[in-house]
Amino acid sequence: MNPIIEVKNVSKAFGGLQVINNCSIEVAKGSITGMIGPNGAGKSTLFNIIAGTLPEDSGQILMDGEDITHDTPDQLFHKGLLRTFQIAHEFSHMTALENLMMVPPDQEGENLFSTWLKPSLVREQDAEVRRKALEVLDFINLSHVKNELAGNLSGGQKKLLELGRTMMTDARVVLLDEVAAGVNRTLLGDLVSNIERLNRELGYTFLVIEHDMDMIARLCDPVIVLAQGQVMMQGTIEQVRNNPEVVEAYFGNAL
Amino acid sequence: MLANILNKFPENFPLRELVVAGLVFLAVLLVLISQGSAYGVRMLVEASCYAIIALGLTIQWGYGGQFNAGVMGFVALGGFCAMLFSVPVNDAFWSTDLPGELGRAFVWLIAGVLLVVAVSQLHRFGLSKRLRTVLTIIVALITWMVVKSVFAPVTSAIENQAGFIGGLGLPAWIGWLVGGLLAGLVGYFIGHICLGLRSDYLAIATLGIAEIIKAFLKNEDWLTRGTATVSPLPWPTPGPAELGFVLSRSIYLAVTAVMIVAIFFLLQRAYHAPWGRMIRAIRDNEIAAQAMGKDVNKRRLEVFVFGCVLIGIGGGALTTFNGIFDAQGYLPLNHTFLVLVMVILGGPGNNLGTILGALLVYIIWVMSEPLALYVMHLYADVAGSLFGWEAPANLSSRALQARVFVIGLLITLVLRYAPKGLMPEKLTHEKG
Amino acid sequence: MNELVFFINNVVISGTVAGSIYAIGAIGITLVFSIMRFAHFAHADLMTFGALMVLMFTSLFPGSGALLGIPTPLLMLPLGMAMTAFLAIGIDRTFYKPMREHGVKPIVIVIASLGVTLMLQGLIRLFAGTGSRSMYVGESKGIYRLELPFELASRPIVITEPQITLILFTLVAVIGLHLFMHRTRTGKAMRAMSDNPDLARVSGINTDKVVMVTWILAGCLAAAAGTFLSMDVSLTPDLSFHLLLPIFAAAIVGGVGHPYGAIAGGFLVGFAETLSVFNWAVLLRPIRHWFPEWVEIPRTLALVGTEYKIVVPFFILVVVLVWRPTGIFKGKVI
Amino acid sequence: MSLLNATQVQGGYGGMNILKGVDMAIDKEDIGVIVGPNGAGKSTMLKAIFGLVQVTDGDILLRGESIRNRQPNELVHLGMGFIPQEKNIFPSMTVEENLEMGAYIKPRTTARMLEKIYSFFPDLKQKRKQPSGELSGGQRQMVAMGRALMTEPTLLLLDEPTAGLSPLYMQEIFDRIVEINKAGVGILMVEQNAKQALAIATKGFVLASGQNLFTDTGEKLLNDPDVAKSFLGG
Amino acid sequence: DVKIGFLGGFTGPIESMTPAIHAGAQLAQSHINAQGGLLNGRQFVMPTGDTTCADASAASNAADRMVNTERVTAIVGALCTGATIASANNAAIPAGVVMISPASTAPAVTTLNDNDLVFRTVPSDAFQGQALAHLLISKGIKEVVGTYVNNDYGRGLADQFRRTYTALGGEAVEIVAHEDNRADYRSELGALSAHGVDTLIIFAYADSSGQTVLRQAHESGAFSRYVGVDGMASENLVRAVGARVVEGMIATRPGSPKLPGADIFAAEARKAGFDPSAVFSAQAYDAAFILALAVEKNGSDARQGLSQAVRAVSSAPGEVILPGEWEKAKRLIAAGKDINYEGAAGSHEFDANGDIQGVVVEIAFENGRLVTKGEVKF
Ligand SMILES: Nc1ncnc2c1ncn2[C@@H]1O[C@H](COP(=O)(O)OP(=O)(O)OP(=O)(O)O)[C@@H](O)[C@H]1O
Ligand SMILES: Nc1ncnc2c1ncn2[C@@H]1O[C@H](COP(=O)(O)OP(=O)(O)OP(=O)(O)O)[C@@H](O)[C@H]1O
Ligand SMILES: CC(C)C[C@H](N)C(=O)O
Ligand SMILES: [Mg+2]
Ligand SMILES: [Mg+2]
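The listed protein sequences correspond, in order, to chains A, B, C, D and E. Residue numbers for the first sequence follow our numbering, beginning at 1 and rising by one. Residue numbers for the second sequence follow our numbering, beginning at 1001 and rising by one. Residue numbers for the third sequence follow our numbering, beginning at 2001 and rising by one. Residue numbers for the fourth sequence follow our numbering, beginning at 3001 and rising by one. Residue numbers for the fifth sequence follow our numbering, beginning at 4001 and rising by one.
Bear in mind the hints are in silico, worked out from the structure with no lab data behind them. By construction, the Cβ of each residue, glycine as well, lies at the ideal position given by its N, Cα and C atoms. Any given hint could be a false lead.
Claimed, not checked - The calculated label-pair distances, taken between Cβ atoms and stated as ranges, are: (1) L1135(B) with R4244(E): 48 to 54 Å; (2) G1022(B) with L54(A): 51 to 57 Å; (3) I1137(B) with L54(A): 28 to 34 Å; (4) F2180(C) with L1378(B): 48 to 54 Å; (5) L54(A) with G1169(B): 42 to 48 Å; (6) V1375(B) with G4140(E): 55 to 61 Å; (7) M2212(C) with L1135(B): 50 to 56 Å; (8) H78(A) with S3002(D): 56 to 62 Å; (9) H78(A) with D1091(B): 53 to 59 Å; (10) R4244(E) with L2168(C): 23 to 29 Å.
Model the full structure from these sequences, guided by the hints.
Structure below.
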């Protein structure tokens, strides 16, 4: 299988602390790859480096063979790399619907001059965007709160909205950072089905950071274990669970 | 009771707008009656110029959440261009060989800039970065001194022989447009540096740049006559000497009113289009907006520059109307804080609110002067007759200081009790 | 030799004095900036207010400083500090606190502080008039002229009494504040509050008290800065408003939240100002013979004319913001 | 008389009631665990107890004395400790300074308690001169716990102490909580890792839409199929 | 009532000077009203407007209100040159209202295209600058440095001085501008003292930058002789910086020591409770008095014809009217006699530009007092 994301020998240090240490990973196209590892292993840091919010010290990142090492988040978005945040980053003073409608790239109406010179084209396009947004809201079961300000949504609904945004445009890779943390476990079940559906029906590739083993077990293959900024191992969830090194560093006696 | 009555109106009935507009209309009427039509129209023209400036600020502060504390500087740039383009050609300058020498000095300047830029790129040819930085600084300092010494004789010759370089003798409105562009250009540089930092820094930087612009316009006498002021400035419309005060001012008012309507129309369109949605999203959560593919820095810069352009245009129209270009006359109180009050009171982000706020605040501002004097004298008379209290000699001067106080009080009170202004930003949320 | 004296007078002493003024202004600003999280524009007017209070007390008891052998304004400074601290707390209670509790963005409080600036300026002028006044009522300023024991030095090094007090006070204030913030419980509580106000409350810290202490310190520092400044020059209602930009530049350049940063920033800005307007031709003249014949040393050889002095702090501010947004001492970008 | 007794608590943000009459009682030897869907009002309840949210109706008693709407800093003096869900450390202060801030109201005990906390969390002792903002999620959580323990509280409120922690750390934190509880500290915590939390709980509360749905021992709730299906993820 | 407006800089850079100037005009007003008022016993009222001195827009606004709302017959003012030019161009000239400024001294007022509507009761700075240059040369001072407050006043004066001084063979080594109202002028003084010249000329106001510059110059010890201009000619300076510092300082100011009007005015001003030597307050008295005379002469409060009337009442020939002699003037005008006002600050023979040929006097600070040394002749 050919990889869609390749991280090659990336390193990153904060002050004297080497957080990512010559780390290389590959994410296969069409897979749901899990990433686990002890707290402070550098998972979020690696995520931020891939998504362009943090500069790496050295190394290279490829997406479909193209070098994206120095791209900014908005450039990566346009190339089909979408992400969610560990803490939901909704637009709190906008409605759920608007939260989704602002996502599609290259809207004619985002050009100041087009809003003045081509109003009808802008209106047409916007109607199309709205139709799509309503569809997505339906898909993620948020239709009943579409006109609610996103700031007033509950934690889980915000996370669903985060996920919904990734569906507003054609994504190729979606990075999910601890979608489960702080989310009610019953609701989490719905989230997981959504992710599976997206993967199956729309062919999205997922890279998922998670500490909830039930979720990892249900979704991910393969699972990458990160420890001290390096890949400790990679394999199926069973292989991971049976690796004594991983058990010692990550699971403890919690298994 | 009142709430009941209010609730009877349909949800989107513009009650608030009507009430505020009525209030403003009443104030305008009052001024027209009490002050006479010539003066009343004059005040309306000035208020309309301020409204254009306030619209610029509402874009920055209301739409984009950017606090520009240096409105004055951009107004002054607009005024400068209005002056430069509209004032008649100065033959005392153009008929000598000074233009040529000035041109030569500018060639030096350009060459100097190119040299410094070239040196700053030396690291591409294998120079170490530190050495390059040191070299650039040294070369920049030397170039600066050289260019300065090239300019000095030319500019002082201009000052001595011709006064100043004079204008271009073109219609004033060209100056307004160019003034807008120039203000936008300066805004671009400031924004480029400061928009990425926390918002207080932008305030401090703009406060500084405004003072610098003023210092430049005030001290470069060869360009602006400095403190000697340039007047009269020709209007794009017939002046009062030809048509009398009321008529000529009414025509001018028609021009500014058309400008406001056009700007209002463009702003409404943009704000209710996806552009406005995107700007609100960026204001709401920058990181998320960037992750959703919006070029946050570019957009913030766009908003800031757009605002500066309007401020420059408004400044040009205001200066032309006043008929005098006086660099010293651009004061933070009148040209920054007053505009700020207009926007805050009217409702940041609400275009109509901003325009009405500008009218209302300007009327209050102008009328506060005779009012303060009247109150103070009344007080002095009463106190004098009751307690034999003797009014201090500088009573008028002190009474007028009260205006400064009142503007300050207005800012804080509005922020405290109606932080969103008389007409809060109207978020026409998309309904599904 | 005279050239050297000239350099000392116009660069070393001037720069130190300006730097000290900027530094004590900047510590006040940086204190409020880091604990209340907003740029307090009205700080400059607290300075003017403090000086005005000191002047008022000085005029009430003229000459009383002579009993202790110090200038009267210095004796009255604690009273002025108390009044200013009182005012600062009052302003916070009436204007900033309700807004804070309303949860508005810091930038809105910045605008409110601009409003407070205008109110204070209006009030100061309304009650104290607009002219300039000397802080010395019936006394005269001590001026020290140090003659150098060299034959060629005909000019003295000049330094005045308030300048010496000012420099000493700045050092004491900065070191004292640093120790206070890092060693005392209240100081640590202030740092804790600047880090995370809610958690500070949960830890048993009375945040109202911390805010009050902050304003007391800010008020005292402002009063001191204003008083020394107007003793050195003279008191005008908008005396300190002109210092706003250099003071903010000093605070940011030094690194917000660092007392030592304020000193570094203050001196950087102060010296940059004096150096940029310094006429280098003076230093070149004595070594004229080192240059070839055709080189002509111009009469004035300064980087910028004095009319552009205000550009210097701004320029430094911009350069530092670009090069290192957190300032020299790595302050907070909150 | 229970240590903490909240009856019919109502309250919320800016006039809107989130809590609509919640009852909760905790004794000295109890570990109480609150579970429930997102937005149920769990965090709001803890904040209401700790005086961070306006209580409009009902009463909250600490050892029989009303503490309704008391300032948080006063409650600390009464022996309560609180660890918020997020932002629970002072990032620019060192680990040791963070702990010292915990003992702000009892400076005398600082030295003794520091030793105790370090023996609890040996990791922290190594990092004590490091600004806590540079720690990883798990270490931060330990600092937060340590800070709250510095005053030797008799009642500790914890808001999702294990969210985002690795299984190893999660287990560690639960172990510590049991240990602290054995030392005589009443515990009330909110958890989404509900199965593990209810396993150590003596009391469990299920909150939904600002109201008590179920109150029972941890074990009973774990085994209640209704509760498990609707709130514990099956 | 007859309305003659007063435009002053009540706030802004000259706010400390304006009250005394206003008081001068008010003194004229009270003299006139006490002696029977204008025309047929109508009261002389004087509405005021604030130009802020520095803000042209505020100035033209205030003037506009005078012209269009108060509907004044004429205007005393404005004070600062910038304000005067703005008021004239924007309101007074288009409306045909006469303005007499008691303080706008910059040469720019001379060349104003004003349809003979703008006058002033002070000589142009062009004149004082020349006088100062001649004075210094005659005292044998051949090398000076100087600093001027950066406004039309300071700048115009300094320019004129430099031109004449250089032409006369003196060397103005460096003259720098300084901003008003700053706390600190050490850098400007540093730049000046770099040349080692020991005479410093200060073109500024005693109440603001002037005293600060002087004080700091003295503290620096770099200069041994100070020279001032009219703005510095105030005993306030002695109070502000100390008698020891100003001792021996020389200055020039517009004035007219020979005229009896000056003494009359001084006495009246003291009676009214303000300092007669305050800069431009005598000129303000004259401006108001001349306008009142012109209205009387014109026979109505109309604006037409007022500017000819101004010329008629103020210039020779005619019977001499001194400050305060309103009744006499009224009588003479009623009798159709020609009059010639000889005022408190000069005899006010307006030339074609509305300027007056002034007299400049030399003054000096001696033992803490301002002593007039006599007219500067050249
Ligand atoms: N801005 C920063 N400055 C200094 N150190 C940092 C910074 N950000 C992260 N670190 C350090 O980098 C390490 C890795 O952090 P990271 O957030 O990537 O961990 P993680 O694997 O996502 O852990 P968790 O599962 O707890 O989220 C931690 O030790 C943390 O202390
Ligand atoms: N600051 C606030 N202002 C207004 N409403 C709020 C605020 N904080 C929370 N809410 C609302 O209060 C309700 C309860 O919030 P709370 O944080 O108590 O939920 P929770 O049960 O802790 O949920 P979670 O499991 O997601 O943390 C939610 O509907 C939320 O939208
Ligand atoms: C009142 C004076 C200071 C006015 C000054 N002479 C000027 O022409 O501006
Ligand atoms: Mg993480
Ligand atoms: Mg919660």
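Original post:
Between F2180(C) and L1378(B), is the Cβ distance one that fits in 48 to 54 Å?
Top reply: holds (51 Å)
**OP:** Take a look at whether the Cβ-Cβ distance between H78(A) and S3002(D) falls inside 56 to 62 Å.
**Re:** Holds, at about 59 Å.
**OP:** Starting from the range 28 to 34 Å, see whether the pair I1137(B) and L54(A) falls in it by beta-carbon distance.
**Re:** holds (31 Å)
**OP:** Take a look at whether the Cβ-Cβ distance between L1135(B) and R4244(E) falls inside 48 to 54 Å.
**Re:** holds (53 Å)
Subject >> Range hint 55 to 61 Å (beta carbons of V1375(B) and G4140(E)) holds or violated >> reply: Holds - the Cβ-Cβ distance for V1375(B) and G4140(E), about 57 Å, lies within 55 to 61 Å.
Original post:
Between G1022(B) and L54(A), is the Cβ distance one that fits in 51 to 57 Å?
Top reply: Because 55 Å falls inside the window, the suggested range holds.
Original post:
CB of L54(A) to CB of G1169(B), is that within 42 to 48 Å?
Top reply: violated (57 Å)
**OP:** With 53 to 59 Å as the target window, see if H78(A) and D1091(B) comply at their CB atoms.
**Re:** holds (57 Å)
Subject >> 50 to 56 Å as the expected CB spacing between L1135(B) and M2212(C), which holds or is violated >> reply: holds (52 Å)
Original post:
Taking the CB of R4244(E) and the CB of L2168(C), does the distance hold inside 23 to 29 Å?
Top reply: holds (27 Å)
Of the hints listed earlier, the one the structure fails to meet is number 5.
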